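**Student:** Residues per chain, in single letters:
There are 2 protein chains.
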Amino acid sequence: MADRLSPGGDTAAGGDTAAGGDKPSGLSTSIDAAIIAVGSELLTPHKTDTNSLFISQVLNDLGIAVACKTIVGDRRAELTSHIAHALDRHRILILTGGLGPTDDDLTREVVAAHLGLPMDEDPAIVAAMERRFAARGWKMPAVNRRQALVPRGATVLANPNGTAPGLWIEHGASVIALLPGPPREMKPMMDGDVRARLAPLAGHVRLHRRLVRVSGRGESAVEEMVQPIYSGWLNQAPPIETTILAGLGQVELHLLLQSSDAVQAAAALEAAVNQLTPVLGPDLVSIDGRELEAVVGDLLRGRGWRVALAESCTGGLATSRLTDVPGSSDYVERSVVAYSNEAKIELLGVDAALVTAHGAVSEPVAAAMASGIRDRARVNVGIGITGIAGPGGGSEHKPVGTVCIAVAGRETRVRSYRFPGGREMVKALSANTAIDMLRRFLIEG
Amino acid sequence: MADRLSPGGDTAAGGDTAAGGDKPSGLSTSIDAAIIAVGSELLTPHKTDTNSLFISQVLNDLGIAVACKTIVGDRRAELTSHIAHALDRHRILILTGGLGPTDDDLTREVVAAHLGLPMDEDPAIVAAMERRFAARGWKMPAVNRRQALVPRGATVLANPNGTAPGLWIEHGASVIALLPGPPREMKPMMDGDVRARLAPLAGHVRLHRRLVRVSGRGESAVEEMVQPIYSGWLNQAPPIETTILAGLGQVELHLLLQSSDAVQAAAALEAAVNQLTPVLGPDLVSIDGRELEAVVGDLLRGRGWRVALAESCTGGLATSRLTDVPGSSDYVERSVVAYSNEAKIELLGVDAALVTAHGAVSEPVAAAMASGIRDRARVNVGIGITGIAGPGGGSEHKPVGTVCIAVAGRETRVRSYRFPGGREMVKALSANTAIDMLRRFLIEG
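Chains as they are written, first to last, in numbering that gives the first Met the number 0: chain A, 0 to 444; chain B, 0 to 444.
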């Protein structure tokens with residue numbers, strides 16, 4: 000297992016009690032952090048902590064390594080024990096969850112008890128919560144007063160997205176941040192107040208990144224293409240680390256570089272990315288982290304073009320993804336989900352004889368859907384998607400996962416695919432591929 | 000957050016060193032377990048442990064609660080410390096990952112060192128690995144011999160899907176299982192050998208579950224409605240534990256019961272669910288775990304009805320969710336994403352004067368979209384959704400998040416909402432609410 004993002008040597012504040020040295024590895028920072036996610040639901044087979052991913056990102060940005068992550072239920076003794084264990088070994092502890100108003104929300108109380116800090120009610124928090132409830136025409140329930148308790152000496156972190164404020168505690172050499180559990184409350188707090196307060200602790204070295212997105216190739220094919228390039232990056236000073244991650248129909252290349260010189264780091268990453276560009280060719284989606292649908296949006300906008308979609312097996316998912324981009328109403332004119340043959344004929348002008356001759360899932364029908372929606376919507380480019388998402392509807396010649404996708408501009412391109420996986424995976428891969436076909440059409444056409 | 004899924008009282012073998020008792024809560028097994036996932040890549044912002052979900056499911060099935068989960072990098076000192084901490088407090092420890100052949104793979108060695116067990120090379124494992132390599136025409140690399148080292152007294156667990164065997168160690172009162180990291184190797188081992196070996200420890204008690212879905216109310220409102228009921232369940236024998244989880248526009252109630260009698264357990268859960276039904280009324284989506292879109296599908300199918308949708312701000316997401324259900328092509332006839340005013344007028348027959356008079360985001364336009372698509376598709380019921388997903392497009396009177404949704408059958412129902420959050424959250428809440436309005440229309444109409 001490649002280990003180039005792990006804590007760099009057991010030099011953490013907590014010290015190292017075990018025999019045997021770890022071999023040196025990247026991210027060699029002077030401090031590291033522990034993360035504890037609190038919530039019994041996070042211990043069920045159905046749910047897990049994902050907050051720590053965002054928290055790790057912010058910590059890594061600051062050059063702070065994550066030494067361990069723990070998930071604990073809403074239980075006093077267990078939580079106390081893990082907090083003590085973390086603070087014994089690590090200077091920074093980030094807790095998320097357990098700041099709610101009910102009896103089960105213990106984080107605030109357990110941290111204060113462990114540190115021996117009394118708790119005081121903060122009238123400003125009570126007032127802010129009362130205003131928040133009043134704005135919706137509600138009265139604040141009495142239980143919410145718990146959320147206004149502050150361990151003595153702690154700094155309150157404002158939470159514009161919820162009732163539970165965060166807390167920042169400096170205690171001896173330890174730094175402890177308590178963040179709410181809901182991601183939309185936790186993220187702005189971690190990225191704002193907590194990042195600003197951690198920065199002075201972290202020293203001058205920062206983690207710099209570039210995210211390169213690639214489509215149309217698998218993880219190992221991309222690895223094979225770029226390995227000769229990124230292996231060279233490891234020998235330069237400072238080295239650039241590369242991580243390859245596969246998603247549905249897409250591959251991400253994460254380039255990471257630690258440096259105290261932001262200008263030099265940006266130049267080194269830019270030079271690295273420029274080495275990738277000719278190798279990846281049209282499979283390169285973006286070199287700046289932009290999502291596929293945003294790239295397509297920018298290409299359409301750049302041409303002053305509008306698009307319309309005719310979807311069948313994807314059931315609206317391709318349009319939904321395109322319209323996840325703010326401002327997409329400028330270039331997504333309309334879309335039709337034509338599940339039934341009648342809808343294909345009526346709304347898209349697909350010739351009934353074409354359906355009879357080739358079947359609804361066929362390249363000619365996909366092409367007719369794409370040009371049909373293009374003509375009716377009077378836009379520059381149309382997309383047609385027809386396929387078998389399963390689990391039913393497959394046959395020997397057209398098994399589940401068979402999908403035909405067309406892009407119609409002045410010329411029409413159409414291709415057939417056989418996607419793996421269940422219904423939702425076939426839908427997701429089809430939508431992604433359709434949007435990527437549009438991207439290739441726009442950069443080549 | 001309600002906490003009724005957590006380990007049941009700090010009665011684990013490891014004992015409880017912290018002050019303050021936890022209030023009694025469910026899953027009161029005599030033993031509980033800790034899970035440690037090992038691997039530095041699991042501490043990056045891009046990847047997290049998911050093995051523990053499967054491991055938790057098997058443990059819970061056996062009536063064993065998960066007390067905590069920890070993720071540690073491939074680092075000797077950190078890993079040793081977490082193993083010691085887990086074994087201090089919990090009788091069962093399941094480790095996954097770090098059994099590979101490289102220097103970074105430390106789990107085997109660190110566990111043996113911590114327990115003071117010498118390691119011996121197992122010639123049977125060497126022979127099996129050599130056969131595995133030979134079958135592919137390769138010679139076993141020397142590094143792989145590490146994988147044949149077995150702490151003295153440990154039982155080797157066969158791994159038909161990879162080279163790294165698992166290990167089962169009984170040491171004093173502790174039970175420790177070492178499983179490989181790749182899911183396709185870990186899962187059969189956990190579900191097979193480890194389950195079989197844990198079962199006698201766990202006794203005859205198993206965990207039985209029911210999942211109840213609720214919509215249209217927030218987590219705390221649902222809690223308030225059902226609390227008087229579920230609090231009574233805690234006093235019956237065996238008690239039923241309830242966990243309330245909030246999603247986007249939906250709430251889940253997980254009912255859990257531990258019993259050695261499967262028939263009795265099913266009857267008790269059925270009786271419990273029947274108590275909820277009258278209280279939740281039309282907010283009750285399902286008592287058998289079915290998703291909202293599947294419930295709507297069954298209702299439509301039961302009536303022999305078909306639906307068509309006219310979406311604006313949701314961009315196809317409502318239709319995509321409805322069509323996530325296998326067989327939904329039977330009752331989803333068509334859908335139109337009418338972003339532009341022209342598309343609303345042309346495809347749905349919305350009166351241009353209506354748009355001018357009330358604006359595109361208005362109840363009259365939503366109603367006209369719903370009845371327009373219903374008429375044009377010649378189906379029983381139509382849905383219209385128009386709103387401002389943001390971040391742009393809001394005004395003082397119609398801020399971002401304003402969404403009007405209509406369901407048109409023989410009568411038309413229309414409502415306005417103001418959803419919180421960013422673009423994707425507004426889209427998700429709007430789609431969920433539209434599908435739920437259809438559900439209510441179908442059960443009441």
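For the record, the hints were derived by calculation from the structure and aren't laboratory data. Please read all numbers here as calculations on a predicted model, not as lab measurements. Among the clues, some could well be false.
Intra- or inter-copy, both count: the list cannot distinguish identical chains.
What the hints assert, rightly or not - Derived SDA-like pairs (lysine to any residue); straight-line CA-CA distance at most 25 Å:
1. LYS397 <-> GLY136
2. LYS138 <-> GLN56
3. LYS397 <-> GLY115
4. LYS46 <-> MET424
**Student:** Under the constraints set out in the numbered hints, which ones does this structure not fulfil?
**Tutor:** Violated hints (numbers, rising): 2 and 3; every other hint is consistent with the structure.
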